[in-house]
Amino acid sequence: MSVQIPADFNEEAVLGGGTKLGERGFSDFCTDYEQCYRERTVNNLHKRAQQLGFELIPQPQANAVS
1 MSVQIPADFN EEAVLGGGTK LGERGFSDFC TDYEQCYRER TVNNLHKRAQ
51 QLGFELIPQP QANAVS
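By the numbering used here, the letter at position 7 of the sequence shown is numbered 7, and the numbering carries on one by one without gaps.
Note that these hints are calculated values from the structure, not bench results.
Hints may contain errors.
So the derived label-pair ranges between C-beta atoms look like this [what the hints assert, rightly or not]:
(1) P58 / Y33: 19 to 25 Å
(2) G53 / T31: 35 to 41 Å
(3) T31 / L52: 17 to 23 Å
(4) P60 / T31: 24 to 30 Å
(5) C36 / L56: 16 to 22 Å
(6) Y33 / G53: 29 to 35 Å
(7) C36 / Q59: 17 to 23 Å
(8) Q51 / T31: 29 to 35 Å
(9) Y37 / Q59: 15 to 21 Å
(10) D32 / G53: 31 to 37 Å
(11) C36 / N63: 22 to 28 Å
(12) E55 / Y33: 27 to 33 Å
(13) D32 / Q61: 24 to 30 Å
(14) F54 / T31: 28 to 34 Å
Glycine residues also receive a C-beta, built at the ideal position from the N, C-alpha and C atoms.
Let's have the full structure, built from the sequences with the hints guiding it.
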């Protein structure tokens, strides 16, 4: 038994159909992967700390000496 998948379904999955799952369109994806990864990681750490009853406090960044 074969199942046919409509082309629209496949195209949406490949071309950024995340609008239904996370309300993020294709144009909303970050162009700077490193920055997006850092933001996502920090946000997840904040959530996890809150679940465990903690609070994350940002550490002041020292100015780099050139």
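Verification of the hints:
The hinted range of 19 to 25 Å is satisfied by P58 and Y33, whose Cβ atoms lie roughly 22 Å apart. Distance hint check for G53 and T31: the Cβ-Cβ separation is about 36 Å, which falls inside the suggested range of 35 to 41 Å. For T31 paired with L52, a C-beta distance near 33 Å fails the hint of 17 to 23 Å. Range check, P60 to T31: about 28 Å between beta-carbon atoms, so the 24 to 30 Å window is met.
One distance hint, 16 to 22 Å for the beta-carbon pair C36 and L56, holds here, with the actual separation near 19 Å. The hinted window of 29 to 35 Å between Y33 and G53 holds, with their beta carbons roughly 32 Å apart. Evaluation of the 17 to 23 Å hint for C36 and Q59 yields a pass: the beta carbon distance comes to about 21 Å. As the Cβ distance of Q51 to T31 is approximately 31 Å, the hint placing it in 29 to 35 Å holds.
In this structure the hint that Y37 and Q59 lie 15 to 21 Å apart at CB holds, the actual value being about 19 Å. Restraint check, D32 to G53: a C-beta distance of roughly 33 Å satisfies the suggested window 31 to 37 Å. Checking the proposed 22 to 28 Å range against C36 and N63 shows it holds: the Cβ atoms sit about 25 Å from each other. Distance hint check for E55 and Y33: the Cβ-Cβ separation is about 28 Å, which falls inside the suggested range of 27 to 33 Å.
At about 18 Å, the beta-carbon gap between D32 and Q61 misses the expected band of 24 to 30 Å. Separation of F54 from T31 is about 32 Å and conforms to the stated range, judged on CB atoms against 28 to 34 Å.
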